[in-house]
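**Student:** Turn these sequences into a full structure, and let the hints steer you where they fit.
In this note's numbering, the protein residues as written are 69 to 954.
Keep in mind that the hints were calculated from the coordinates and are not lab data.
Because the structure is a prediction, the values reported are computed rather than measured.
Each hint should be verified, as a subset may be incorrect.
Restricting the straight-line Cα-Cα distance to at most 20 angstroms, the calculated cross-link-like pairs of lysine to aspartate or glutamate (DMTMM-like) are [said to hold, decoys possible]: (1) Lys-848 <-> Asp-877; (2) Lys-292 <-> Glu-231; (3) Lys-584 <-> Asp-684; (4) Lys-292 <-> Asp-312; (5) Lys-553 <-> Glu-637; (6) Lys-584 <-> Glu-632; (7) Lys-608 <-> Glu-632; (8) Lys-553 <-> Glu-596; (9) Lys-848 <-> Asp-858; (10) Lys-584 <-> Glu-682; (11) Lys-553 <-> Glu-589; (12) Lys-553 <-> Asp-684; (13) Lys-393 <-> Asp-408; (14) Lys-553 <-> Asp-541; (15) Lys-553 <-> Asp-812; (16) Lys-292 <-> Asp-254; (17) Lys-553 <-> Asp-587; (18) Lys-584 <-> Glu-535; (19) Lys-292 <-> Asp-320; (20) Lys-584 <-> Asp-527; (21) Lys-393 <-> Glu-372; (22) Lys-584 <-> Asp-549; (23) Lys-584 <-> Glu-637; (24) Lys-292 <-> Glu-217; (25) Lys-553 <-> Asp-527; (26) Lys-945 <-> Asp-903; (27) Lys-584 <-> Asp-541; (28) Lys-945 <-> Asp-918; (29) Lys-553 <-> Glu-682.
Label pairs and their in silico Cβ distance ranges [stated by the list, open to error]: (30) Gly-869 <-> Arg-891: 17 to 25 angstroms; (31) Tyr-506 <-> Ser-703: 35 to 43 angstroms; (32) Leu-309 <-> Thr-200: 24 to 32 angstroms; (33) Thr-103 <-> Glu-596: 31 to 39 angstroms; (34) Gly-255 <-> Thr-103: 55 to 63 angstroms; (35) Pro-514 <-> Ser-219: 49 to 57 angstroms; (36) Gly-206 <-> Ser-800: 28 to 36 angstroms; (37) Pro-110 <-> Glu-637: 20 to 28 angstroms.
Here a beta-carbon is modelled for each residue, glycine too, at the ideal position from N, C-alpha and C.
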Amino acid sequence: MKKTYLALLLIHCLVVLVTPIQAALPSRVPNTSLTNLPANPPTFGFTTVNAFGARTFNQPVAMITPPGETNRIFILEKPGIIQVLDLAAGTQTEFLNLFGQVNDAGEGGLLGLAFHPGYFTNRQFFIYYTLTTNTPAGSGFHDRLSRFEISPGNTNLALVSSEQPLITQLDEANNHNGGSLHFGPDGYLYLSTGDEGGGGDNYGNSKFITNDFFCAILRLDVDKRPGSLAPNLHPAVVTNLVGDAYYAIPSDNPFIGATNFNGQTINSNMVRTEFWAVGFRNPWRMSFDFPTGRLYVGDVGQGEREEVDVVTRGGNYGWNYREGKLAYSGTPPTGSVFVDPILDYPRDGTGSSTNIGNSITGGVVYRGNRISQLFGDYVFGDYGSGNVWALTYNGGADATNFRRLTTASGPAAFGTDPSNGDVLIAAINVGQVRRLIYNTTATGAPLPATLAATGAFSDPATLTPHEGILPYDLNVPFWSDNALKRRWFSVPNTNLTLTLNTNSNWSFPTGTVWIKHFDLELTNGVPESRRRLETRLLVKNSGGVYGLTYRWGTNLTNAFLVAEDGTNETFTIHEGASSRQQTWRYPSRGECLTCHTSAGGWGLGFNTAQLNREMDYGGTVTNQLRALSLAGYFSNNIPSPNNLPALAHPTNSAVSLEYRVRSYLAANCVQCHQPGGGALGNWDARISNPLSLSGLVNGPLVNTTTDPANRVIVPGDTVHSMLLSRISLRGSGQMPPLASTILDTNAIALITAWINSDLPSYQTYVQWQIARFGSTDAPKSAPDEDFDGDRSSNHQEYLVGTNPLLATDVWTLSLTASNGLARIGFPRIANRGFDLQGATTVTGPWLSLDLPANRPLPAAVTSLAVVEDSATNTPSKFYRARVFEP
69 MKKTYLALLL
79 IHCLVVLVTP
89 IQAALPSRVP
99 NTSLTNLPAN
109 PPTFGFTTVN
119 AFGARTFNQP
129 VAMITPPGET
139 NRIFILEKPG
149 IIQVLDLAAG
159 TQTEFLNLFG
169 QVNDAGEGGL
179 LGLAFHPGYF
189 TNRQFFIYYT
199 LTTNTPAGSG
209 FHDRLSRFEI
219 SPGNTNLALV
229 SSEQPLITQL
239 DEANNHNGGS
249 LHFGPDGYLY
259 LSTGDEGGGG
269 DNYGNSKFIT
279 NDFFCAILRL
289 DVDKRPGSLA
299 PNLHPAVVTN
309 LVGDAYYAIP
319 SDNPFIGATN
329 FNGQTINSNM
339 VRTEFWAVGF
349 RNPWRMSFDF
359 PTGRLYVGDV
369 GQGEREEVDV
379 VTRGGNYGWN
389 YREGKLAYSG
399 TPPTGSVFVD
409 PILDYPRDGT
419 GSSTNIGNSI
429 TGGVVYRGNR
439 ISQLFGDYVF
449 GDYGSGNVWA
459 LTYNGGADAT
469 NFRRLTTASG
479 PAAFGTDPSN
489 GDVLIAAINV
499 GQVRRLIYNT
509 TATGAPLPAT
519 LAATGAFSDP
529 ATLTPHEGIL
539 PYDLNVPFWS
549 DNALKRRWFS
559 VPNTNLTLTL
569 NTNSNWSFPT
579 GTVWIKHFDL
589 ELTNGVPESR
599 RRLETRLLVK
609 NSGGVYGLTY
619 RWGTNLTNAF
629 LVAEDGTNET
639 FTIHEGASSR
649 QQTWRYPSRG
659 ECLTCHTSAG
669 GWGLGFNTAQ
679 LNREMDYGGT
689 VTNQLRALSL
699 AGYFSNNIPS
709 PNNLPALAHP
719 TNSAVSLEYR
729 VRSYLAANCV
739 QCHQPGGGAL
749 GNWDARISNP
759 LSLSGLVNGP
769 LVNTTTDPAN
779 RVIVPGDTVH
789 SMLLSRISLR
799 GSGQMPPLAS
809 TILDTNAIAL
819 ITAWINSDLP
829 SYQTYVQWQI
839 ARFGSTDAPK
849 SAPDEDFDGD
859 RSSNHQEYLV
869 GTNPLLATDV
879 WTLSLTASNG
889 LARIGFPRIA
899 NRGFDLQGAT
909 TVTGPWLSLD
919 LPANRPLPAA
929 VTSLAVVEDS
939 ATNTPSKFYR
949 ARVFEP
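**Tutor:** Listed below in structure tokens is the structure:
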């Protein structure tokens, strides 16, 4: 972020002594009542555990073992690294690092790996990844299939220099890339590709086999066996110096010589003869069951169905005429024959039931020997709901015995432990590879059956907490369908502390507990109508967190543990003369982990910008962060709260509209919408990032639906602003994706006002640069340049709105001194952050003024600000201001 400073000198000899006032907060005491909460919840039946002890990975998306091996597993990390685990030695080694080459935006990244059946002798393996490059088809985002070799002297090391691309295909969007890569029983290489992205097949790939390599399962002969054919010409096919491709087409591929497809006559020389099967939307993960030869695919749906397919030679699976078994778009040509999925299940934005989800992840057929009831069944999951299922398929039209086994946090891929056949799950949300296990009896300490038994409250009826459990509050509460909330936390062991970080997640010790209670007014605006709903506990352990939900029902003295899969309850809400039905979701333990992720900081809202506010501690009102620091909760010395970030409540009209919108998004969306957060969208909800780097304004979408003009936010255009559309939905595609059935009308109005009133005049630096200088390469127009020589950089003039071509148009500080005070005046520009700093010498150190008037909240309107600083016992003091974009 560009920063600009302006320094002034003040000479004074006045001395003012300031005595610090400490809040009357009770000293920190241990908590001895939360002892009934186990470190880990008990397991019963199917569950998952970290497959490799405490090991974690950076967004794992696949687990692969070379053919014939039983001791090594290769873990693909989406940003571009492959790790190899030696199961016998217990070691982890970096096998391949393409971090700087891979573009992992959206659904892109390092997506697929397959070892050649003869890799013991030829040392070959193949990967599929996305990158930014230039090809004859164009510049930008591309999908690439490449061949590599392993080091001849080290089987745990790939030779980066050995890369030979086979296909490098321009891709108009960074979603629906497919990317599953496997050698089949026939020795040919199979690759899954999506429909190029967007939504509804808006790039028009699904109904053709003469365009590009999309919507299909490809089957390639990477050995160029005798009898195989050369591929038809295509810009994506990489060739050698004499024009030969690095792969061939198996002679029995089904579309060789095709002259008709989907009722249209086609040129056989234009056919993508690589295709083995077609009509897929996003076949993200697939796998072979070698004993039967079946190829199973999980194809991600659009808005209604998710499907499991068994792939057959030349099969057309219907997208986008169909979605699952349902009609989707257009009338299929006469004579069209589509292959039905063996299973399709409904999509639901809440993912609250056992047989629904919103983003299927293809799995594996279980052939292990430790869970006999699963033998021969296909185990797969859903990234959106976290559900992990099994189905039985013995041929024929449909699968049978479709049942839920357990949940995982963001299952992105399934694999097999080569040493024993166990099912492995890439849980991308927590950065772990999980192992599916089965317990015939409950193991571990039982969960408290009632809220009273948790030890959280000395009197549950009055919600009076035990000692060592403190209340806390947030600047911007998470939207919870009009529920009223109270919050507490505890770090029971006083020898353990929190670590405050200004702009990133805090560190929490094992044993930290957060408690949140929910009430709902059954008559809006009438406090006496409040009904107790639930009290939730979130427990920090060594592997992350787990959550418990206690439902009050009609009981006023105690609440009772909700079952693992959660439950729903419907209430009648009275609003004036009318009434409506509202469904309340008591979350499952798996749903707790959908939001409470590592990227989100585990304890949502327990961060600097949310907690930096006033709090009433038994009649003493003081800053919450300062109080916690004085009580000894932090391991580090914290800066003054006046100089720390704080979110602004949506109703705080003194703060700029933009910052209030950004605060709402930081409170409600940041757990998913940030790097590593698990959301497919490319925008960043973190308040620490300026708007220009957030990807919000005109930000590209993973799914543009049917309109390419759609963006995250479009200035002055609510119709094409998909963030607004998503928060205005309830049902498929809603945001937040779970735990809400009621629209947040205040947030909708806030974001609508921002789009319509503020954003039409918004300019990025580049737009401002072109408007002021005529082009981005005009002389002395770079941000750090000073075109008019007024000692203000172009970037500062952009920030404060002065004319960069006119030296007399200057933003500056004024300074006066009297009665022991220095008065620093300056134009406080609307929607800009200002940080006044002082130093006793011009070389520093420069320190932010510890004053309430110096809080870095962007103002709603431009005004002349005056900040008063007490004189010190130094003969002189210098001042400067940092101006920044929020």
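**Student:** It remains to establish, for every hint, whether it holds in the given structure.
**Tutor:** The hints, checked one at a time:
1. Lys-848 <-> Asp-877: holds, 17 angstroms
2. Lys-292 <-> Glu-231: holds, 18 angstroms
3. Lys-584 <-> Asp-684: At roughly 18 angstroms apart (the allowed maximum being 20 angstroms), Asp-684 and Lys-584 satisfy the hint.
4. Lys-292 <-> Asp-312: holds, 11 angstroms
5. Lys-553 <-> Glu-637: Holds. Lys-553 to Glu-637 sits at ~18 angstroms (cutoff 20 angstroms).
6. Lys-584 <-> Glu-632: holds, 18 angstroms
7. Lys-608 <-> Glu-632: holds, 18 angstroms
8. Lys-553 <-> Glu-596: Holds, at about 15 angstroms.
9. Lys-848 <-> Asp-858: With Cα atoms ~13 angstroms apart, Lys-848 and Asp-858 stay inside 20 angstroms; holds.
10. Lys-584 <-> Glu-682: Within the cut-off at roughly 19 angstroms; holds.
11. Lys-553 <-> Glu-589: With a Cα-Cα distance of about 11 angstroms, the restraint between Lys-553 and Glu-589 holds, given a limit of 20 angstroms.
12. Lys-553 <-> Asp-684: Holds, at about 16 angstroms.
13. Lys-393 <-> Asp-408: holds, 6 angstroms
14. Lys-553 <-> Asp-541: This hinted pair holds, its Cα atoms lying about 9 angstroms apart.
15. Lys-553 <-> Asp-812: holds, 16 angstroms
16. Lys-292 <-> Asp-254: holds, 14 angstroms
17. Lys-553 <-> Asp-587: It holds: about 6 angstroms lies between the C-alpha atoms, which stays within 20 angstroms.
18. Lys-584 <-> Glu-535: holds, 17 angstroms
19. Lys-292 <-> Asp-320: holds, 14 angstroms
20. Lys-584 <-> Asp-527: Within the cut-off at roughly 15 angstroms; holds.
21. Lys-393 <-> Glu-372: holds, 10 angstroms
22. Lys-584 <-> Asp-549: holds, 15 angstroms
23. Lys-584 <-> Glu-637: OK: Lys-584 and Glu-637 at ~19 angstroms, within 20 angstroms.
24. Lys-292 <-> Glu-217: holds, 17 angstroms
25. Lys-553 <-> Asp-527: holds, 18 angstroms
26. Lys-945 <-> Asp-903: Given that 20 angstroms is the threshold and the Cα spacing comes to 16 angstroms, the pair holds.
27. Lys-584 <-> Asp-541: holds, 10 angstroms
28. Lys-945 <-> Asp-918: Holds - the C-alpha atoms of Asp-918 and Lys-945 are around 15 angstroms apart, at most 20 angstroms.
29. Lys-553 <-> Glu-682: holds, 17 angstroms
30. Gly-869 <-> Arg-891: 17 to 25 angstroms: Given about 23 angstroms between the Cβ atoms, the range holds.
31. Tyr-506 <-> Ser-703: 35 to 43 angstroms: With a Cβ separation near 41 angstroms, Tyr-506 and Ser-703 satisfy 35 to 43 angstroms, so the hint holds.
32. Leu-309 <-> Thr-200: 24 to 32 angstroms: Because 25 angstroms falls inside the window, the suggested range holds.
33. Thr-103 <-> Glu-596: 31 to 39 angstroms: holds, 37 angstroms
34. Gly-255 <-> Thr-103: 55 to 63 angstroms: holds, 59 angstroms
35. Pro-514 <-> Ser-219: 49 to 57 angstroms: This hint holds: roughly 51 angstroms between Cβ atoms.
36. Gly-206 <-> Ser-800: 28 to 36 angstroms: Distance hint for Gly-206, Ser-800 holds at roughly 33 angstroms.
37. Pro-110 <-> Glu-637: 20 to 28 angstroms: holds, 25 angstroms
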